[in-house]
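Each protein sequence line maps, in turn, to chains A and B.
With the numbering used here as the guide, the letters of the first sequence map in order to residues 1 to 312.
With the numbering used here as the guide, the letters of the second sequence map in order to residues 313 to 741.
None of these hints come from the bench; they were simulated from the model.
One should not assume that every hint holds.
Claimed, not checked - Okay, derived cross-link-like pairs now, SDA-like style, lysine to any residue, Cα gap no bigger than 20 Å in a straight line:
(1) A:86 to B:351
(2) A:86 to B:672
(3) B:652 to A:61
To be verified - Calculated Cβ distances over 10 Å to all of chain A for the following chain B residues:
(4) 418
(5) 555
(6) 596
(7) 718
Stated by the list, open to error - Ranges between beta-carbon positions, derived for each pair:
(8) A:307 to B:360: 44 to 54 Å
(9) A:268 to B:704: 55 to 65 Å
(10) B:657 to A:280: 48 to 58 Å
(11) B:327 to A:74: 35 to 45 Å
(12) A:247 to B:425: 21 to 31 Å
Using N, Cα and C, we set each Cβ at its ideal position, and we do this for glycine too.
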Amino acid sequence: MKVLANMPEFQSIVSMQDLDVAEVEQLISRAEDFKAGAQLKLTEPVYVSNLFFENSTRTHTSFEMAERKLGLTVINFDPQASSMSKGETLHDTALSLDAVGVNLLVVRHPQNDYYNELLGHADLSLGLINAGDGSGEHPSQSLLDMMTIAEQFGDFTGLRVAIIGDLTHSRVARSNMEILQRLGAELFFSGPKAWYSQEFAQYGTYLPIDDLVEKTDVMMLLRVQHERHPGEQAFDTQSYFERYGLTKERASRLPEQAIIMHPGPVNRNVELASDLVEGKQSRFVTQMQNGVYMRMAMLESVLRGNHLGGLV
Amino acid sequence: MTETILKNGQVWLDGHLQTCDLLLENTKIKAIGQNLTSPAAKIIDVSNQLVAPGLVDLHVHLRDPGQTTKETIRTGSLAAAHGGFTTIGAMPNVTPVPDTAAQIATLVARNANEGVVHIKQYAPITKQRQAGALTDFAAMKAAGAFAVSNDGSGVQDAGSMYQALKAAQVNGLPLAAHVEEDKLLFGGVMNAGASAKRLGLPGIINAAETSQLARDLELAQQTGAHYHMCHVSTAESVRLIRQAKAAGIKVTCEVTPHHLLLSDDMIKGDDANFKMNPPLRSEQDRQALVAGLLDGTIDCIATDHAPHTAVEKQQGFLKSPFGIVGSETAFSLLYTHFVKENIFSLNQLLNWLSAKPAQIFGLKNTGYLGLGTVADIAVFDLNTATTIAPDTFLSKGHNSPFIGQSIFGTTTLTLVAGKVAYQKGGTTK
Chain A
1 MKVLANMPEF
11 QSIVSMQDLD
21 VAEVEQLISR
31 AEDFKAGAQL
41 KLTEPVYVSN
51 LFFENSTRTH
61 TSFEMAERKL
71 GLTVINFDPQ
81 ASSMSKGETL
91 HDTALSLDAV
101 GVNLLVVRHP
111 QNDYYNELLG
121 HADLSLGLIN
131 AGDGSGEHPS
141 QSLLDMMTIA
151 EQFGDFTGLR
161 VAIIGDLTHS
171 RVARSNMEIL
181 QRLGAELFFS
191 GPKAWYSQEF
201 AQYGTYLPID
211 DLVEKTDVMM
221 LLRVQHERHP
231 GEQAFDTQSY
241 FERYGLTKER
251 ASRLPEQAII
261 MHPGPVNRNV
271 ELASDLVEGK
281 QSRFVTQMQN
291 GVYMRMAMLE
301 SVLRGNHLGG
311 LV
Chain B
313 MTETILKNGQ
323 VWLDGHLQTC
333 DLLLENTKIK
343 AIGQNLTSPA
353 AKIIDVSNQL
363 VAPGLVDLHV
373 HLRDPGQTTK
383 ETIRTGSLAA
393 AHGGFTTIGA
403 MPNVTPVPDT
413 AAQIATLVAR
423 NANEGVVHIK
433 QYAPITKQRQ
443 AGALTDFAAM
453 KAAGAFAVSN
463 DGSGVQDAGS
473 MYQALKAAQV
483 NGLPLAAHVE
493 EDKLLFGGVM
503 NAGASAKRLG
513 LPGIINAAET
523 SQLARDLELA
533 QQTGAHYHMC
543 HVSTAESVRL
553 IRQAKAAGIK
563 VTCEVTPHHL
573 LLSDDMIKGD
583 DANFKMNPPL
593 RSEQDRQALV
603 AGLLDGTIDC
613 IATDHAPHTA
623 VEKQQGFLKS
633 PFGIVGSETA
643 FSLLYTHFVK
653 ENIFSLNQLL
663 NWLSAKPAQI
673 FGLKNTGYLG
683 LGTVADIAVF
693 DLNTATTIAP
703 DTFLSKGHNS
713 PFIGQSIFGT
723 TTLTLVAGKV
733 AYQKGGTTK
């Protein structure tokens with residue numbers, strides 16, 4: 001096991017802000033090992049519960065696959081069928097799962113920073129991975145994106161990354177721009193100007209998509225959540241596509257090495273032309289595949305941080 | 313005998329979707345299965361559409377009698393049917409306030425005659441909905457009221473609320489509480505916070521809701537009554553109700569689609585279509601409501617459909633009345649924003665809009681589909697995007713902040729006891 005010396009150890013992973021550049025690179029490297037077939041041999045059983053308050057099937061499935069590939073025992077937990085509906089708090093639910101022997105929680109919850117209710121409590125000894133909090137962060141999505149970029153380019157320094165679309169409502173945008181800047185990438189933003197606020201100016205420059213396509217290495221498209229813009233004019237998907245979307249014409253002007261990324265689910269012919277989703281430069285499917293391996297790396301680092309599974 | 317076959321729908325049965333037919337005979341569901349036939353039956357093709365139990369909305373304002381420029385029993389019930397609702401609870405803040413058994417009996421009869429959906433009638437808690445004497449709950453129940461509520465105003469004095477909860481317990485009536493402490497309003501018209509400051513408008517603090525809720529929960533504990541909190545709007549209310557449920561207090565509550573979807577930072581200008589009571593709160597509150605629904609602290613969703621005339625709503629935040637319409641957009645908005653975005657499952661959403669509200673208010677034979685049940689059915693098109701447009705509304709009120717939005721899940725057909733109450737393209741005012 002060549003990685004041992006470099007394997008990061010965490011008691012929990014809740015925010016990209018907690019990871020330094022070296023740790024991100026180590027997680028990517030370990031995820032690539034898993035992708036290449038590396039296996040983990042647990043000598044003690046580990047029990048994990050996935051608490052998905054939101055019905056995010058894709059992330060849930062990806063985590064469960066990663067857990068099973070690592071040989072963890074998955075204890076299903078349905079918040080609706082639990083005693084939470086009888087008034088139990090999140091903290092008390094975690095306490096009872098801890099008490100029956102669960103070692104690790106993976107939680108998706110609609111409230112920002114929900115994890116503050118679970119961290120730093122002397123009565124809880126569970127490892128925790130945040131699988132998304134409200135409009136806050138989604139660390140595993142960020143890390144799988146970084147892995148996908150690293151696979152193509154190796155190094156982030158000087159890489160030109162464009163984040164395009166619904167910046168305001170995207171937790172992907174927030175997490176990614178912050179880590180990409182730290183990794184040394186150069187950032188650009190595009191999409192409707194109204195969605196680009198001062199908050200983004202410290203990370204990168206706004207440019208119309210037509211001025212971007214010829215000099216971009218990574219086109220990171222965001223899902224448009226048009227329903228989250230009440231009071232604005234009726235949202236016309238066709239005109240959005242024409243003005244801000246990645247059309248086939250625009251894609252034809254991309255540099256040869258450039259890749260197209262999207263966190264899914266894709267609105268075809270809104271953010272990008274339908275044919276491009278399966279195209280040569282698209283990494284849409286790779287992102288989903290990498291998600292499993294990156295989640296394996298994250299889970300392993302938290303197992304190690306909590307001395308679980310008999311890993312040495 | 314009239315027979316209808318709903319052909320090839322995606323039918324929500326026992327919490328799952330099944331592709332099958334429903335055979336309706338007169339007012340009831342006679343058969344559920346594949347390839348049903350009957351020589352005389354009228355066939356309605358509902359292929360690729362969601363066939364759900366008629367939705368249940370515990371909180372609607374019909375404005376009739378006395379405020380019929382805003383809405384009537386007829387238009388309000390048509391609006392409900394347009395939204396897929398087949399059972400609604402009508403609030404008693406009409407003019408005059410129906411605070412005698414005779415007035416309730418008259419309203420119950422009018423609801424049955426003039427409404428196109430099942431209309432359950434709330435009786436007021438106090439005479440004239442003002443501090444002081446209670447109405448006669450036993451007589452109200454005998455006259456047909458299904459619950460009591462002073463909705464539109466909070467019950468200001470603890471003594472009245474205590475007496476009301478005692479009477480509600482004795483008579484087996486749920487008490488639906490609009491919680492609002494008048495002395496904590498300070499003239500507010502929207503949520504107190506950064507957005508109110510930005511717009512230069514007086515704010516309503518969260519404690520205007522939570523202080524009275526805390527009082528009521530203890531009174532509910534003391535009396536053992538079924539206490540139902542209307543339109544929960546704050547994170548602290550969710551916490552209080554969670555604690556009360558843990559303590560075994562008989563409390564239920566509802567949340568509106570607009571409090572789940574909107575927060576005060578989305579109010580960009582002096583547009584009274586964003587003015588309602590309780591007000592849109594902070595994003596943090598909104599997230600806590602979603603979490604409360606998902607973990608079962610909040611029991612169900614209700615619209616608080618509150619129509620007003622365009623003239624009334626054109627007066628800006630300071631002068632306009634509180635309230636927005638909701639019946640016609642509830643399901644489609646929630647489907648588009650929460651189910652399509654993978655936050656709620658379709659199963660959860662349908663539960664919160666049908667089975668759950670029926671169950672907590674003890675409405676028999678309502679909110680689910682099964683052999684022999686009353687044919688209250690809503691059919692939705694989940695695949696086609698449409699734009700919310702006031703000219704499609706059957707309500708007299710067009711006061712919605714959602715106009716112009718693109719949505720999925722519009723109603724194509726609503727049946728109430730087997731009869732068409734709404735049909736896309738075929739229902740007019």
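### Query
Quick check: which numbered hints come out false for this structure?
1, 5, 6, 7, 9, 10, 11 and 12
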